[in-house]
Structure formats: C-alpha cells, structure tokens
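> What follows is the residue order along each chain.
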Amino acid sequence: DTGVSQDPRHKITKRGQNVTFRCDPISEHNRLYWYRQTLGQGPEFLTYFQNEAQLEKSRLLSDRFSAERPKGSFSTLEIQRTEQGDSAMYLCASSSTGQSGELFFGEGSRLTVL
Amino acid sequence: AQKITQTQPGMFVQEKEAVTLDCTYDTSDPSYGLFWYKQPSSGEMIFLIYQGSYDQQNATEGRYSLNFQKARKSANLVISASQLGDSAMYFCAMRAFQAGTALIFGKGTTLSVSS
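Residue numbers (the working numbering), protein chains in the order written: chain A, -18 to 95; chain B, 11 to 125.
Don't take every hint at face value.
To give an idea of the chain A side of the interface with chain B (calculated C-beta under 8 angstroms), a few residues [to be verified]: (1) H10; (2) Y14; (3) P24; (4) F26; (5) L72; (6) E88; (7) G89.
Please keep in mind that the hints were generated in silico from the structure rather than gathered at the bench. Source: prediction; values computed, not measured. Glycine included, each C-beta is placed from N, C-alpha and C at the ideal position.
Construct the entire structure; sequences and hints are all you get.
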C-alpha cells in the first residue's frame, strides 16, 4: 500500500509564472484535500474533493488558484501568476469516507516564489 | 465558526517524563472529532490519536492519550515516557461534522525532548 505522493517536492519559480502540483492519493480513498502550510504555522485548508466533485473551497483559494480531480483519482493544484506570498508548503491528504477517518498526508510540495 | 487554540509555542521535557500539550477548541456543532498530528523536522504529518465528541472514554494509543474535557472544550494530548524521537511539532485539529469535512488545525506546539 503506497501512501499519498506529491510531485514535485520542490519548485522554485519567478513571480508571475504559473505552477502546477500533482497529488496521487491512497488508491481506495475517495476524499482528497489540499492544505497550505507556512513556516511555523499549522496547515490551512484550501479545498476538498469527494471523488471528482469539489465540495468545499476556502476563502484562501483566490481566483488564481484552481484545483481539479478528474476521474476521482489524482488531483492537480494550479497557481496562476504566482506572488511571493504564495511561497509555502502545499500539502495533499486523502481519507476514506467516514467522519472519524483520519487524513493521510503526503510529504508536500514546497513552493518558493522569487 | 470553528477554531482551534494551542497556547504553548514550545514545550521542553526530559526523556522518560510525561508531558501535556494543551488544545482548546470552539464550535457550535454538537458532533465533531478531535485529532492530534505530529510533524517531525522531516515535514510529514503523522496521525496520532482521535477523539469523537460522543465518545464516553478518553482515547488512548500506546504512549499517547487524549484528555478530553467536553465542558471545558479542551482536548489535551498527554505523552507518557517521552523519547528523543518525540521531538517534533504537534498539531491539534478538529472536524465539525455538520459544518463540513475539512480538518481545521491549530498553530502547533514544538516539543523538545532532552536526554
């Protein structure tokens, strides 16, 4: 059983460029989450999918951010026209259906915007 | 709105001692779950323990126990017999079931275990 995998692990980009992150959840999990974590802070919720449907979006998810989960498997998080304030660790997590199901996190994709 | 508060930025403990990490929460949802995660310096988030709002007994998982005081809205994590490998950031999180399924995290507490 492989865990949640994220790619790339590190991304350095210049301000104004677009970046895309990919997340492959645990195969039997139908829920997928994206979080953002800055240094010394807890993860902040961005968005959540159940299968291919995006069911929740945080106010943090500005119109420069878009997430997809085609076919209910892997997910992508795209940031357009990156800003220095977007520099953070982007964490993906997945879980099975159920209220007490814990989230299993990937190792994250660290974004640095110069 | 849901909120998690962790008031201890850092805690220091010696090996083999017990330590309590504080967590208070706020929600109007009668049904919710409380979680603790560990994040070592390597960055991965590791699930430790879960407590449901209707669970009658405090959750325990090995050296971890959750001191759940519903009336006080607190969900403190107790680590018994600390080990050097326990040095990490610890996050308390909550899911309010009527409000949605997202986990809301606190700002975390850094635990340092010394020999």
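> Hint by hint, note whether the structure agrees.
Evaluated hints:
no.	hint	result
1	H10	violated, 12 angstroms
2	Y14	holds, 7 angstroms
3	P24	holds, 5 angstroms
4	F26	holds, 4 angstroms
5	L72	holds, 7 angstroms
6	E88	holds, 5 angstroms
7	G89	holds, 6 angstroms
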